[in-house]
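Participant: Chain by chain, the residues:
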Amino acid sequence: MQMPEPDQGVIDAKADIVTALRAIVPGEGVIVDAEELKAYETDGLTAYRQLPLIVVLPETTQQVSEVLKVCQARGVKVVPRGAGTSLSGGALPLADGIILGLGKFNRVLEIDFDNRCAVVQPGVTNLAITKAVEDQGFYYAPDPSSQIACTIGGNVAENSGGVHCLKYGLTTNNLLGLEMVLMDGTILRLGGKHLDAEGYDLLGIMTGSEGLLGVVTEVTVRLLKKPETARALLLGFPTNEQAGDAVAAIIAAGIIPGGMEMMDKPAIHAAEDFVHAGYPRDVEALLIVELDGPQAEVDYLIGEVSRICEENGAVTSRISENEEERMTFWAGRKAAFPAVGRISPDYYCMDGTIPRAQLPVVLRRMREFSEHYGLRVANVFHAGDGNLHPLILYDANKPGELEKAEDFGADILKLCVEVGGVLTGEHGVGVEKRDLMGAMFNETDLKQQQRVKCAFDPEALLNPGKVFPQLHRCAELGRMHISGGKLPFPDLPRF
Amino acid sequence: MESQKAETLAPETRDQVTEAVAWAVSQEAPLEVAGRGSKRALGRPVQAAHSLDLSRLTGITLYEPEELVLSARAGTPLAEIEAVLEEKRQMLAFEPADLGPLLGGAAGAATLGGVLACNLSGPRRIKAGAARDHFLGLQAVSGRGELFKSGGRVVKNVTGYDLCKLLCGSYGTLAVMTDVTVKVLPRPEKTWTVLVTGLDDATALAAMTRALGSPHEVSGAAHLPAAQAAKSAVTYVTGAGTAVTALRLEGPDPSVEYRCAALRKELADLGATEELHSHNSLAFWQELRDVRPFVGQEGLAVWRISVAPSAGPGVVAAIGEGEAFYDWGGGLIWLALPAVGDAGAGEVRAAVAAAGGGHATLVRAPEALRAAEAVFQPQDAAKAMLSEKVKDGFDPKRVLNPGRMYAGI
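Chains as they are written, first to last, in the numbering used here: chain A, 550 to 1044; chain B, 482 to 890.
Please keep in mind that the hints were generated in silico from the structure rather than gathered at the bench. Hints may be right or wrong, so weigh each one.
[Unchecked claim] Stretch by stretch, here's where chain B covers chain A in the computed footprint (C-beta under 8 Å, at least three residues):
#1 573 to 586
#2 662 to 673
#3 690 to 701
#4 720 to 733
#5 824 to 838
#6 967 to 975
#7 986 to 994
Idealized CB from N, CA, C, for every residue including glycine.
Start from the sequences and build out the full structure, keeping to the hints where you can.
Facilitator: Structure representation (structure tokens):
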């Protein structure tokens, strides 16, 4: 993985920079000790490691602003970090850059039930938001699998999803406001407790920008009332095609389930061996369909979904009769990653999205790739929205196997794009998929995105080396090649 | 300059759009970008040498109902799209408003591109999200005369910056959209509305807050004071002879019936309750969506104000004059004030600021007033500068709808 060439001048000026940072963040908020820095050398994508130059842990927005100003003035690169759970290397440090850790921003500032929103600091975990409001029957909808650890600031940066996206949306659909700091230290407030932007949707462009545009220092999220009830169905199918058809038929019938997850046979077996959720072992595909809402609605829709799945060839069908049983149905799916971790020394989690109808094609091609590379693959799939998580099994201790796994993963993602999908559904581009961006976007597309980056961070100091395969200088991106001059399409009517 | 004559360019293909913008760049001649022009009177008047008319760039290019996705050329009439969706019992869940009549034009003249460019969302905004939340992918020509794409045709996508969000609500000032892809959703089997009658604004807010804080999945929460309720074409609403607070419930039959009964019971202590069923319910929310109470009322300027829901009645009281009604649980205020002077801008802006933030847009006003007053919410210096830099990145020569939103942008 090629990262931007470290700036030796910055590395040499480390002592000066530390002094300047300590003047802003006193005491233990500036970390330089190699042992302590080690805790920050990687994130959820552990294949890549790099010690940062310095770690700074500010406590106030003003400190963040001052730190960024100092870094901007000295040309120091900055990598923002929440809990470091990124699966795409979004928080991978740079040898000549500081890590700006937001861990101390860990307070829930305000809960406003009348306006159905909460104002929190970015270091608050996703789950802690729900915990803070659940006594009143509310919750925060996006629920990435890492929700116990991942922070809301990181969720904003990655536009995180979860298993309930089809019905309740991603992070971007559940945000009302942000306070953020630009690389030059400017503090901005976007949105608030009201809906929609007054000008350009800067909140929208910030969400999912992977820490390249600004540092989030406060987040206002929308709260939802917990549905009256939720019930799940566990359905086994003899083929992936039939499971896919059942999903299409459920949606065509006008039903949007709260969650709709699919697992293939290797994933079913790994999960069942691990948590004994009672999954059938003799099926090729397993669907978990969860319906939530008023009791009357859920009972009615359970019947409809059950009927549709039988018509589409389901050979096993169970309906949760109580909360405990519903949780058991989910237990296997929720533990799918660690379950796969048990059957292989290492696994590599992919995150493409495809148009749902392409699933059988994609799974078939994936089996071919699997034979070609000699590596096993298990699949869990957010079937409702087409987000696929193939888990490639490998052993990092075998020479060359990590590279093989990465090539296999790249082939899968290119396939996703080829069938009309995208490189990443919820994990982000980071460093991991950076060099695959060309499979989805041409040079003009990428340059237009980078011009947005130039508006926010013209010196390209914020999280460089992520998302874009090649960073162009803003001056170069601003140049225009003007041609033409002849009135276009003269043969068309022009009123 | 090749020609001083005002041209109207009406491209039929993506390439022709690119050619037209490149030409405008070479002439340094700004373009007024429009679909069918139904919302031309929304925003600051554009000083453009030529027009770029996208009404011939039409057609649905992809519709897969079971994938919940539709793509179309930007100039495709919204009515055509809604008709096609209706056949499969689907819809654009953000409930795009038809502002044509409010702005003095015909009904049914909107295009999909126009709806997205203005980020127009109706009453269901509070539950289903805004237009921007359903906007999955695009192709567009920047003010640099370059065709680019962003997003895709799938809902879950975090590949690269979400330029759809930036273009949605940019009023054609960043790029000319040529192709757009949106998420579509099933149309609810049943639509009923619980009416609570005779509430003052503050009690109505309490009713809406209670309903939206319930698990009944309310998909519309509006309040019409007596004077506005009296203008409804739905006789149950007019016949109430007093203020009407409306709460919409949508979904499968048994669910809607159950929730309707439950909600009426929960609100009974606040006032008398009534129900609107199918046709009446649909008609009522369509009126509200299209701001029917203020259609035709010449001489009145119309403001659209978005604040925290709990602040709604306070903002209206602080402004102290004009006619108002509420949507979005109190968070969206439609306010009509005499179209004289600054059309109440001073009072409106002050009330929004005092409410802790939000924004007010002068949606309808005579051209001279829109040229003189800020139509969109004025931004603080930092945000204004960032917006200007964003504009620089897309349209450095200011050839696309210059000044439509803010001077210099």
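Participant: Determine for every hint whether it applies to the structure shown.
Facilitator: The hints, checked one at a time:
1. 573 to 586: violated (count 0)
2. 662 to 673: Since 4 is at least three, the answer is holds.
3. 690 to 701: violated (count 0)
4. 720 to 733: holds (count 3)
5. 824 to 838: violated (count 0)
6. 967 to 975: Coverage by chain B holds for the stretch 967 to 975 of chain A (7 residues, Cβ < 8 Å).
7. 986 to 994: holds (count 5)
Comparing the model with each earlier hint shows violations of hints 1, 3, 5; every other hint is respected.
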